[in-house]
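**Q** So the sequences go chain by chain: A and B. Just so it is clear: in the first sequence, position 90 is 90 by full-length UniProt numbering, and no numbers are missing. Just so it is clear: in the second sequence, position 31 is 31 by full-length UniProt numbering, and no numbers are missing.
Any given hint might turn out to be false.
Identical chains share a label here; the pair holds if one copy fits it or two copies do between them.
Claimed, not checked - Capping the alpha-carbon separation at 20 Å, the derived lysine to aspartate or glutamate pairs in EDC-like fashion look like this:
1. 158 <-> 115
2. 8 <-> 154
3. 158 <-> 53
4. 158 <-> 129
5. 13 <-> 76
6. 13 <-> 32
7. 158 <-> 116
8. 158 <-> 109
9. 8 <-> 23
10. 13 <-> 65
11. 13 <-> 109
12. 13 <-> 23
13. 8 <-> 77
14. 13 <-> 27
15. 8 <-> 24
16. 158 <-> 24
17. 158 <-> 171
18. 8 <-> 76
Keep in mind that the hints were calculated from the coordinates and are not lab data. Quantities reported herein were computed from a predicted structural model and do not represent experimental measurements.
There are 2 protein chains.
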Amino acid sequence: MGRPATPKLSVDKIAAAALAIVDDRGEFTMGEIARALAVRPSSLYNHLAGRTEVIEAMRARVFAEEPFARPRAPWDEVLRSLLRHYRDAFARHPRLIPMLTAHTVSSPDVMRMYDDIATVLSGAGIPVEGLLDVITVLDSFVIGSALDVAAPDEVWDKTQARTPVLVAAVEAAGQGRARADRAFELGLDLLLTALLTYGERPNLRPR
Amino acid sequence: MGRPATPKLSVDKIAAAALAIVDDRGEFTMGEIARALAVRPSSLYNHLAGRTEVIEAMRARVFAEEPFARPRAPWDEVLRSLLRHYRDAFARHPRLIPMLTAHTVSSPDVMRMYDDIATVLSGAGIPVEGLLDVITVLDSFVIGSALDVAAPDEVWDKTQARTPVLVAAVEAAGQGRARADRAFELGLDLLLTALLTYGERPNLRPR
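Work out the full structure: start from the sequences and follow the hints.
**A** Below, the structure is given as structure tokens:
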């Protein structure tokens, strides 16, 4: 009769199992992944060297969950599309975010996105000495915005506000994904408009 | 002889214990807090109604850990100071961040900071209909920047970059807190400069 056929273990299968655990609990161990896949922990190490590689495999998987079509468009539209894709990827897995930001980005597929962003920004006139600072600003905004997508419908309890202006602002803002999307697009507008004139402002050049 | 004197339980003591657990594991339970404080779980409920109130108590505690002196200065300097204080507070507790962003802000002390930000922005000419979107943009940037403070010295593995521009950018960026601080200040510059002209740009008004 032989043993029953079991689906073959792969890096992506390990990443998927780890991701489900992190989505649920905000953490993972190699032992939990092995249990979820009904394999021995030692089997995992035939595919990955350990925890850091699992994290990089999750990073790659999250970006690849939805297809990304790079538009043929001016640089700022290309950048907007890349950043929207990036926010949506992280927004599906808010509990993974602090794990990803605490580890060096080395996944080749994700580095390709940063290659792309660096090329776009460089082509737009951002000097190489300030390029990573600009990427970090965009990165931080995108990551915070991904967490904002996961915010509750009521982000601020207006009954605790003391100023009429904050009460009115909370009432005007609306709720849910539409609220988060509108704020994200405003942030892209503000940042990209400011970047358009980056080179012209001596105080915005790297210090 | 009587019972030995034990330090009195308080909301802030419960928040401190919960924070230590979240810093360590990214999660907490009421049972874990009770064990850490060597009290019965039921004792906690004499001070707090449950999990949500513990999260709000942690939010308040984190903002109060360091004193904040509001400068007497133009609105953009006041806003920068507030946002720096806010980033530093969150940066000390990166694993708390997704927990805070997933819950409605109701802590009166933290709402006072948002009252302050709303008042400053309103005074600077941001209309009330767009005010919460602007606050959300600043919030998202600050939260992402707080996670960036906790990033490893090597944020990007340049051996995985394919473009010379990304390699050169990573090499130019430096490392550690100085790198994170420089990017944060650049982001404040970009966002506040763009906000200064917010009213003049029809495409940046709320849609």
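**Q** Given identical chains, is residue 13 near residue 65, meaning Cα to Cα at most 20 Å, within a copy, between copies, both, or neither?
**A** within (13 Å within a copy, 43 Å between copies)
**Q** With 20 Å as the alpha-carbon cut-off, assign the pair residue 13 and residue 27 to within, between, both or neither.
**A** within (17 Å within a copy, 26 Å between copies)
**Q** Regarding residue 8 and residue 76, is the shortest C-alpha distance of 20 Å or less found within a copy, between copies, in both, or in neither?
**A** neither (43 Å within a copy, 58 Å between copies)
**Q** Treating 20 Å as the Cα threshold, decide for residue 13 and residue 76: within, between, both or neither.
**A** Neither way: residue 13 and residue 76 sit 36 Å apart in one copy and 49 Å across, limit 20 Å.
**Q** How would you label the pair residue 13, residue 109 (within, between, both, or neither) given a Cα cut-off of 20 Å?
**A** within (17 Å within a copy, 45 Å between copies)
**Q** Between copies, within a copy, both or neither: which fits residue 158 and residue 24 at Cα up to 20 Å?
**A** Result: close neither inside a copy nor across copies, 30 Å intra and 32 Å inter.
**Q** For residue 158 and residue 109, with the copy left unspecified, which applies at a CA distance of at most 20 Å: within, between, both, or neither?
**A** between (43 Å within a copy, 13 Å between copies)
**Q** Are the CA atoms of residue 158 and residue 116 at most 20 Å apart within a copy, between copies, both, or neither?
**A** between (42 Å within a copy, 14 Å between copies)
**Q** Can you give me the call for residue 158 and residue 171, within, between, both or neither, at a CA distance of at most 20 Å?
**A** Intra 8 Å, inter 46 Å, cutoff 20 Å: intra-copy only.
**Q** Classify it for me, residue 158 with residue 115: is the Cα-Cα distance of at most 20 Å met within a copy, between copies, both or neither?
**A** between (43 Å within a copy, 10 Å between copies)
**Q** When Cα atoms must be at most 20 Å apart, do residue 13 and residue 32 count as within-copy, between-copy, both, or neither?
**A** within (14 Å within a copy, 33 Å between copies)
**Q** Could you figure out if residue 8 and residue 154 sit no more than 20 Å apart (CA to CA) within one copy, between two copies, both or neither?
**A** Neither: 44 Å inside a chain and 34 Å across chains, both beyond 20 Å.
Violated hints, in rising order: 2, 5, 9, 13, 15, 16, 18; the structure is consistent with all others.
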